[in-house]
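Full structure from sequences and hints, please.
Chains as they are written, first to last, in the numbering used here: chain A, 737 to 964; chain B, 11 to 430.
In short, the hints are calculated from the structure, not lab data.
Here a beta-carbon is modelled for each residue, glycine too, at the ideal position from N, C-alpha and C.
Take these hints with a grain of salt, some might be off.
Unchecked claim - Below, a list of computed lysine to aspartate or glutamate pairs in the DMTMM-like style, where the Cα atoms sit at most 25 Å apart:
id	chain 1	residue 1	chain 2	residue 2
1	B	Lys23	A	Glu838
2	B	Lys162	B	Asp116
3	B	Lys23	A	Glu875
Stated by the list, open to error - Pairwise CB distance ranges (calculated):
id	chain 1	residue 1	chain 2	residue 2	range
4	B	Leu293	A	Pro832	56 to 66 Å
5	A	Arg910	B	Leu410	46 to 56 Å
6	B	Lys23	A	Thr754	43 to 53 Å
7	B	Met11	A	Thr810	13 to 23 Å
8	B	Met325	A	Phe749	45 to 55 Å
9	B	Trp403	A	Glu746	45 to 55 Å
10	A	Thr810	B	Met402	29 to 39 Å
11	B	Met12	A	Phe749	34 to 44 Å
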Amino acid sequence: MLALDIAALEMRFPGLDTPVLSIENLHLPAGGGLAITGASGSGKSTLVNVVTGLEPATRGSVCWGDTEITRLPTGRRDAFRAAHIGLVMQDFHLFPGLSAYENVVLPVRLARRLKPGERERALHLLEISGIARPGQPIETLSRGEMQRVAVARALLPKPGVIVADEPTASLDRRIGGEVADLIVRLARAEGATLLVVTHDPALVERIGRHIVLDGGRIIEDAGKAEAA
Amino acid sequence: MMGFILADLRRFKGGALAVVVLIALSVALSVAVTLQERAVRLGSARAAEKFDLVVGAAGSETQLALSAVFLQPSPLPLMSGAVLEKLARDPRVSFAAPVGFGDSADGRPVVGTTTALVTALSPTLAEGAIFARLGEAVIGADVPMRLGAQIKPMHGAADSGGHTHVELAYTVRGRMAPTGTAWDRAILVPIRAVWQLHGMGAEAEHGHDHGDEAPDGAAAEDHDHAVHVEPDAALDEHFDAETPGIPAVLVKPKTMGDAYRLRQEYRSETTLAVFPAEVLTRLYATLGDARSLLLAIAIATQAIVVAAILLVTIMHVGARRRQIGALRAFGAPRRAVFAIVWGELFLLLLAGFALGLAIGYGAAWAISAALASATAVHMPVEFTRADLSLAMWFAALAVLVSIVPALSALRLSPAAALRA
Ligand SMILES: Nc1ncnc2c1ncn2[C@@H]1O[C@H](COP(=O)(O)OP(=O)(O)O)[C@@H](O)[C@H]1O
Ligand SMILES: [Mg+2]
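In structure tokens form, the structure reads like this:
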């Protein structure tokens, strides 16, 4: 598990006068949880991109533990993300033509050989995510099942952090609730720091700490005390 | 990695297949052109190498060479039989064999000659014996007849309105071993039998003069006379000044130097001496030009195909931005993304190349087989070392070409790709 420290972070895009994201200070302790809400276009995904190293910051710093991810070159950022951050996106980004199991191990397999035990871990993760047949072709799964596979994939390399960007937004209420539950449960079980962008009040409630973004700024930071 | 590439290719089956087929066809074209030209050149060079020097009446060098090597039916002018006598006596000549063309049987050329040529073509016969009487014949390896079969020669060829010689039927006595030349289709008979059938030479009573211009070693109008040929008469392979006119003499000089001197001497007002191999080489220079042209067209086709494929793949990478961005977002290193995009296209190019080689080889083989069955000249379809370097070039080009879309995939920002 890793603590998050953001300082004087600014994200600007060419052609835009005002920064899309501007965060003076944000600390999230290792193993803590953070729910991020805000209107569409308020900068939530931009925040996810910069803390996961998908995009370089314009200014400022983002640290995970001792690693200042904003100072790493692209390749090292990619490697850091692969090793320490489990990502779950609104669109599942699974790869058709492969089975559920193959999808879970794909990112790791593309980087290196599976370590001993990783195969079993993948199968175990699928099982506790409620996927009965790991060999099932991914395109034959239901949407809820697909997102469960994506959660299992995010957890395979034992990441210290789990980042989810609207993981339940494309699912119906009931299924979305189940997936949200799975994410929180697994993050707790693995002791991973959890960052979730969501509009689901129930999920926000369960995570505890909650920030609201507007125009790229944090306008509300609630539940800090309990989480800390 | 490989599993992902294959799964990905399976997903784009149609497109992948189209790329492979396009490459295969364009490669097959150049492979077939290269192999076929080589097969024709090698095949006929080998067919010609048995005939060091050919002497004939003054006329077309090409025609003389083609008639001797390929037994191409063409009316050759006759030269005086005295030339044969002189050549036969020449100490620089190991043998000089007359050849008399013009007759055929079942579409196969019946060639009058001497035992010396049969021995030269096939030092040991495949079966039977060399002709020993006027009414006997030795057949080429490809002639579908049995020993003892009767051959009724026909003057000229059946399709050009020939007529059958009723005076004589040859009996097959022997079969030559395969030579890989047009002579495998030929029926070899004693030259004197041919002369007599056509009413020429000392044995023909009329003794009228067949001018040098009479075609085919045949006296064009005279066969209706009842010419009698005695099939059991012994061979006489001794030629003197009385020897009738002949279209060509195949000469085996003793040394290379002798060959050049003889050719020099027999290039005169009335006679012509050629090295068939040299004449063919000259012909192939023309053939080579045709090959260069075809090859240029084939390569241009390849360039167009490669350009089209490049365009398609770059568009394809564009269409797959999300997938590629996701791969990187979820932890695939850039080298893996590069390898996947590069590997997919490289695999397709390689598969197309391999398929093209097979198709091209098959086509050349089929054409050669058709040519061989028509001419009996064995045309070897084979790859050479030079082809290896061509293949290397193709591989290098394939590596380079497939790098382009791979680089374009690397330039994608994963965040932007995911947003799309
Ligand atoms: N690459 C980009 N170039 C320009 N503007 C961008 C880019 N990415 C995001 N934006 C803008 O940044 C703002 C925040 O976007 P985003 O973080 O996706 O919002 P959210 O996820 O909260 O809906 C939006 O106004 C969006 O148009
Ligand atoms: Mg968003």
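Contradicted hints - numbers only: Hint 8 is the one this structure does not satisfy, whereas the remaining hints hold.
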